[in-house]
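Based on the sequences and whatever the hints tell you, model everything.
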Amino acid sequence: MVFIIKMLNSIRSGMNQVFKRRMTFRYPDQRLFIEGDGYKYDPKAGIGINGYRGRHILYLEKCTGCSLCVMMCQGISQAIEMKNVPNKQIPVNKKSIFPQIDYSKCVYCGFCVDACPFEALFETNEYEIVSYDRESLLFTPEQLAIPPKKRPEPTVNLKYGDSDVYHG
Amino acid sequence: MSKLSLSVGPQHPGSGHMRIILTLSGDYIIEAIPDPGYVHRGEEKLAEYRTYIQNIPHLERPVLLDATGAIFPYILAVEDLMNIIVPERAQFIRVIMAELNRIISHLYYMAIYGIFMGHSTMFMWPVGDREVFIDLANNIAGQRVSYAFLVPGGVRNDMPEIVKERAEKACNYFEKHLIEYERIFMNNPLFEKRTKGVGILSKQDAIRLGVVGPTLRASGVKSDVRKDDTYSVYDQLDFEIPVSNACDSWSRAWIHMEEMRQSMSIIRQCLKRIPAGPVKLNLKQIKVPPGESFSRVEAARGTLSYYLISDGGKVPYRVRIMTPSFRNLITIPNIMKGVMLADMPPTYWGIDYWPVEADR
Amino acid sequence: MSKIQTFSSFVKRLIIVIIGLLITLTLLFSLLAYFVPSVKELQNILLSSIGNPSLMLNYLDQKGFGLNSLFFKVAVFPGFTWAALIAAEIIWFERKFLAKMQMRVGPLYAGKIAGLLQPIADVVKLVFKEIITPSSSDKWFFLSIPIIITSIAAALLAVLPVSEGWIIMRSDVSVLIIFAIVGFVPIAVLLGGWASNSKYPFIGALRGLHQMIAFEIPMLISTLGVVLVTGTLDLVNIVYTQSNVWFILLMPIGAFVFFSCMIIELERIPFDLPEAESEIASGYLTEYTSMAFGNIQLAIYIRFYAMAGIFTTMFLGGWYGPQILPNGFEIANQVIWFTIKTLLVMILAIVLRGVNPRVRIDLLLRMGWSSLLILSFANLFLVILILQTELIQMVGV
Amino acid sequence: MLETSNTESTLIEREQKLAADLKSRFDDVLEITIKPKRIKIKVKLEKLLDTANYINNNLGFDHSTSVSGVDYPNSKEFEVVYHLSTYGREDIRDIVIALSTRISRDEPKTQSLISIWPSVEYSERETFEMFGIIFVGHPKLEKLLLPEDWNDIPPLRKDFKPPGR
Numbered sequence: 727m728v729f730i731i732k733m734l735n736s737i738r739s740g741m742n743q744v745f746k747r748r749m750t751f752r753y754p755d756q757r758l759f760i761e762g763d764g765y766k767y768d769p770k771a772g773i774g775i776n777g778y779r780g781r782h783i784l785y786l787e788k789c790t791g792c793s794l795c796v797m798m799c800q801g802i803s804q805a806i807e808m809k810n811v812p813n814k815q816i817p818v819n820k821k822s823i824f825p826q827i828d829y830s831k832c833v834y835c836g837f838c839v840d841a842c843p844f845e846a847l848f849e850t851n852e853y854e855i856v857s858y859d860r861e862s863l864l865f866t867p868e869q870l871a872i873p874p875k876k877r878p879e880p881t882v883n884l885k886y887g888d889s890d891v892y893h894g
Numbered sequence: 092m093s094k095l096s097l098s099v100g101p102q103h104p105g106s107g108h109m110r111i112i113l114t115l116s117g118d119y120i121i122e123a124i125p126d127p128g129y130v131h132r133g134e135e136k137l138a139e140y141r142t143y144i145q146n147i148p149h150l151e152r153p154v155l156l157d158a159t160g161a162i163f164p165y166i167l168a169v170e171d172l173m174n175i176i177v178p179e180r181a182q183f184i185r186v187i188m189a190e191l192n193r194i195i196s197h198l199y200y201m202a203i204y205g206i207f208m209g210h211s212t213m214f215m216w217p218v219g220d221r222e223v224f225i226d227l228a229n230n231i232a233g234q235r236v237s238y239a240f241l242v243p244g245g246v247r248n249d250m251p252e253i254v255k256e257r258a259e260k261a262c263n264y265f266e267k268h269l270i271e272y273e274r275i276f277m278n279n280p281l282f283e284k285r286t287k288g289v290g291i292l293s294k295q296d297a298i299r300l301g302v303v304g305p306t307l308r309a310s311g312v313k314s315d316v317r318k319d320d321t322y323s324v325y326d327q328l329d330f331e332i333p334v335s336n337a338c339d340s341w342s343r344a345w346i347h348m349e350e351m352r353q354s355m356s357i358i359r360q361c362l363k364r365i366p367a368g369p370v371k372l373n374l375k376q377i378k379v380p381p382g383e384s385f386s387r388v389e390a391a392r393g394t395l396s397y398y399l400i401s402d403g404g405k406v407p408y409r410v411r412i413m414t415p416s417f418r419n420l421i422t423i424p425n426i427m428k429g430v431m432l433a434d435m436p437p438t439y440w441g442i443d444y445w446p447v448e449a450d451r
Numbered sequence: 493m494s495k496i497q498t499f500s501s502f503v504k505r506l507i508i509v510i511i512g513l514l515i516t517l518t519l520l521f522s523l524l525a526y527f528v529p530s531v532k533e534l535q536n537i538l539l540s541s542i543g544n545p546s547l548m549l550n551y552l553d554q555k556g557f558g559l560n561s562l563f564f565k566v567a568v569f570p571g572f573t574w575a576a577l578i579a580a581e582i583i584w585f586e587r588k589f590l591a592k593m594q595m596r597v598g599p600l601y602a603g604k605i606a607g608l609l610q611p612i613a614d615v616v617k618l619v620f621k622e623i624i625t626p627s628s629s630d631k632w633f634f635l636s637i638p639i640i641i642t643s644i645a646a647a648l649l650a651v652l653p654v655s656e657g658w659i660i661m662r663s664d665v666s667v668l669i670i671f672a673i674v675g676f677v678p679i680a681v682l683l684g685g686w687a688s689n690s691k692y693p694f695i696g697a698l699r700g701l702h703q704m705i706a707f708e709i710p711m712l713i714s715t716l717g718v719v720l721v722t723g724t725l726d727l728v729n730i731v732y733t734q735s736n737v738w739f740i741l742l743m744p745i746g747a748f749v750f751f752s753c754m755i756i757e758l759e760r761i762p763f764d765l766p767e768a769e770s771e772i773a774s775g776y777l778t779e780y781t782s783m784a785f786g787n788i789q790l791a792i793y794i795r796f797y798a799m800a801g802i803f804t805t806m807f808l809g810g811w812y813g814p815q816i817l818p819n820g821f822e823i824a825n826q827v828i829w830f831t832i833k834t835l836l837v838m839i840l841a842i843v844l845r846g847v848n849p850r851v852r853i854d855l856l857l858r859m860g861w862s863s864l865l866i867l868s869f870a871n872l873f874l875v876i877l878i879l880q881t882e883l884i885q886m887v888g889v
Numbered sequence: 003m004l005e006t007s008n009t010e011s012t013l014i015e016r017e018q019k020l021a022a023d024l025k026s027r028f029d030d031v032l033e034i035t036i037k038p039k040r041i042k043i044k045v046k047l048e049k050l051l052d053t054a055n056y057i058n059n060n061l062g063f064d065h066s067t068s069v070s071g072v073d074y075p076n077s078k079e080f081e082v083v084y085h086l087s088t089y090g091r092e093d094i095r096d097i098v099i100a101l102s103t104r105i106s107r108d109e110p111k112t113q114s115l116i117s118i119w120p121s122v123e124y125s126e127r128e129t130f131e132m133f134g135i136i137f138v139g140h141p142k143l144e145k146l147l148l149p150e151d152w153n154d155i156p157p158l159r160k161d162f163k164p165p166g167r
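Protein chains in written order, with my numbering: chain C, 727 to 894; chain Z, 92 to 451; chain P, 493 to 889; chain V, 3 to 167.
Treat the hints with care, as some may be off.
To be verified - Derived BS3-like pairs: lysine-lysine, alpha-carbon spacing no greater than 25 Å straight-line:
hint, chain 1, residue 1, chain 2, residue 2
1, V, 42, Z, 378
2, C, 766, C, 809
3, Z, 284, C, 732
4, C, 766, C, 875
5, C, 746, P, 588
6, C, 746, Z, 267
7, Z, 405, V, 160
8, Z, 294, Z, 318
What the hints assert, rightly or not - So the derived label-pair ranges between C-beta atoms look like this:
hint, chain 1, residue 1, chain 2, residue 2, range
9, Z, 124, V, 139, 19 to 25 Å
10, Z, 124, C, 786, 56 to 62 Å
11, C, 878, Z, 363, 38 to 44 Å
12, V, 139, C, 859, 53 to 59 Å
13, C, 856, P, 501, 17 to 23 Å
14, P, 508, C, 888, 46 to 52 Å
15, V, 143, C, 868, 55 to 61 Å
16, Z, 102, V, 30, 30 to 36 Å
17, C, 878, P, 518, 43 to 49 Å
18, C, 856, V, 143, 45 to 51 Å
Just so you know, the hints here were simulated from the structure itself, not pulled from any lab data.
Please read all numbers here as calculations on a predicted model, not as lab measurements.
Beta carbons: idealized from backbone N, C-alpha and C, even for Gly.
Spelled out as structure tokens, the structure:
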């Protein structure tokens, strides 16, 4: 008897779920909404500013080419290298060297952002970095300087209903 | 009766990245020899070549499901050597992250338990509900899985205020859904029949073999590092340690269910009590004086300990990682003896063995 | 030629190829018709049937392929094509329903409406895959097993009365025929597991053998109740006797036992021991690939349909149901009711799949040889009691 | 606040008691270091088994948390550290004793403690393959994590350089 009651209970539980809203969202048609515009770092206070850690953005006019980010990345993923950009003349950066990031290696830990004392390297909330070949994952300084595209609509967010959660 | 030797794994839906060499007599397992090492990365060696900060993203890699729990003792050891006291707000945020991770890891446990028992609904529900907590962790730490969030001296960034409201909603929802979990899975008569009394690890054996985590508590030992060897702000929080004297696979799953409830209670308390203030000491440089430190925390799967030796240089001299899975590996030959082949998956997964974590 | 990237573009390409072939064949055909007289006759029929389709039917009747012919019954309705269609759509329904139960969406893109064509897409995918035979296997046995299993499943359809008169082969002992055919399945499973020459398939096959033998007997005895009441072994007569009251009301225990045995016999998920994925890889299916695998899956679902149909016939009053279509469509009405009932039985089995974990072999055998056997005997005694006390006349059987 | 300071003082008392106990029992203990909740004892190799037995039987430390090897190439020594903890005695669950001994680098041989703490089985095997330290008395001293065909020097020794570093 207990067997049957418990079995009916589990059937009831399963059937209850049938009438609730679904959890999944249809990724290429809908995209996840991410709050803020990425992880930043305040070098004076030594504290990061909350945000999603996606692909980087490089402010060329602030970068001095000090290579601190490269040194930080050495032990983590060796994704950053310094590259000479001859046609960029910036007063603080005499040698015109800037970081380039290989996203096939990057682990998005964001310690390069923490390492930068000049607020030149931040992370954005762009996470869709896919490609058919490894070469196009290597972002040159000019590519890194481009702010990320606005995510196409519709974006969805996790919502809490009465007894269910759903994306909407 | 003639014996049959069966290699379960590494390419088997019920093993993960490891191999268990079984010897069967009829349908009963008479010997089980675990053979780990398929995902060994040598993190202990590589940690000797990286600075203390550079180690953080790497040392959480073996335990991705429980990234905060994996890195927590390392941070504690470094801070112990550096002799610094972390701001209280940072301590609370650390505890919140650790408990979120515990829920995430336990949900994964329930999911795989479900699919190992052929219960596809129990696979999908926890995986879906994990998203709720991953989303919360993403709001706090800025990443979904590998946070690299804890650093010596605090946490990397402050927690946004929106988390309070969302976490409350998430906990409310999930507490309701946990009841459904119990109805459909834990109290399902077929599941009870299959796992009650299977994979017995007696209290004496559990103590003798030095088992940790939910497996230990399912064997009737009320031990939890959060209470025994309290760290961070756990001594200010009020929570229970679920213990079961049944010593079987079912009670191991039950312990996980109860721990998720306790974790939610801890998160609620933390969000209520969290003080304002700084979240990180402004350390210009991580300079670790020579010495050695042993630190342990209760990660999701059990006691995770680091033995850190520093010689005062930029990199650690020796990092010894002892993960709960590696310590629970010793139970596999013990509890698998005498169970049926069909009970291999619940017995194996009951101890929450995660090959990557064990191999490091 | 552009790249085929989506399923719909693949279908478009397929349709273009088929239409091209048709045009080519038509041209060849009309060319041939000038020289061969019988082809010319066929051409006439074809051309005139565009205006009047009954001509075509008459012609097919003459040749023995018409709607009333055995060929049509076996191949189309209520035979293989019909069953395969229902099987495909029940696969779709199962995936969609389980997805709903599991907070996800399920098949979505193949076919414009809710992934309705997903089973077809799967079949197309499987057809184009390579059949791999393990080097140490018994090749001929290994490859013949999918065909044997499919034939066994299709053979069950022969005695299934879909509506009045629409049955492939009416027999006086059709209940016995069902059990004879079902008894073949474990042998085929065992051969398949043995021919793979691998450990996991072999363990799976042995489990299958144990499981199916244990459940023949309760199933047989629960059927005996129905046979006692009706006094016939003919499924069609069993349906006729249920015109007033369904046997599930008369003997609920028997129906329960038969339903449980049916799920066990079908190796559906609370009882899918022979293919328990997390324990023994995929059991006797481990080494099968491509359409060999697809055939076995199709056979399992056709057997699912057939067994659900037999349950409907024996306990749910077969094709009887209120008239919902206008007069003149009695047969269609019957088919609809039969299909609805069968689908309901199948849906119940799918719900059980969604909420239950797999059982263990010793629990299963104990259940089979003790509780279900006892229940089936209890059912038998109740039936005898009903017959003795002449209660049966009161309910109007 | 009073309460915490109270437990702190008792903690120190408990630690002192344990340490004094050990010191009085083994007067030739090389070194005892006491930090909050952590006690480290260094003993000679010959005394290892005795001390371990005493810690297990009399102090109630019933399992080992980890076995670690540390390589000191400058002094040509290995250090083997057993971290010991207890479930059985609830009053000293927060204390971890590190029992360590130093062995020669040229002849790395030590006594296995598997007869005292069965929980060291896999940790000792790992230390064996990572440092080449032979634990006499271990029933199954084989490769655990490394591939079977590993034929370089044990990888956690300091003179092993991982490729690319």
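We went through each hint and held it up to the structure:
{"no.": "1", "hint": "V:42 / Z:378", "result": "holds, 24 Å"}
{"no.": "2", "hint": "C:766 / C:809", "result": "holds, 23 Å"}
{"no.": "3", "hint": "Z:284 / C:732", "result": "holds, 12 Å"}
{"no.": "4", "hint": "C:766 / C:875", "result": "holds, 18 Å"}
{"no.": "5", "hint": "C:746 / P:588", "result": "holds, 14 Å"}
{"no.": "6", "hint": "C:746 / Z:267", "result": "holds, 13 Å"}
{"no.": "7", "hint": "Z:405 / V:160", "result": "holds, 16 Å"}
{"no.": "8", "hint": "Z:294 / Z:318", "result": "holds, 20 Å"}
{"no.": "9", "hint": "Z:124 / V:139: 19 to 25 Å", "result": "holds, 20 Å"}
{"no.": "10", "hint": "Z:124 / C:786: 56 to 62 Å", "result": "holds, 59 Å"}
{"no.": "11", "hint": "C:878 / Z:363: 38 to 44 Å", "result": "holds, 39 Å"}
{"no.": "12", "hint": "V:139 / C:859: 53 to 59 Å", "result": "holds, 56 Å"}
{"no.": "13", "hint": "C:856 / P:501: 17 to 23 Å", "result": "holds, 22 Å"}
{"no.": "14", "hint": "P:508 / C:888: 46 to 52 Å", "result": "holds, 51 Å"}
{"no.": "15", "hint": "V:143 / C:868: 55 to 61 Å", "result": "holds, 58 Å"}
{"no.": "16", "hint": "Z:102 / V:30: 30 to 36 Å", "result": "violated, 54 Å"}
{"no.": "17", "hint": "C:878 / P:518: 43 to 49 Å", "result": "holds, 48 Å"}
{"no.": "18", "hint": "C:856 / V:143: 45 to 51 Å", "result": "holds, 48 Å"}
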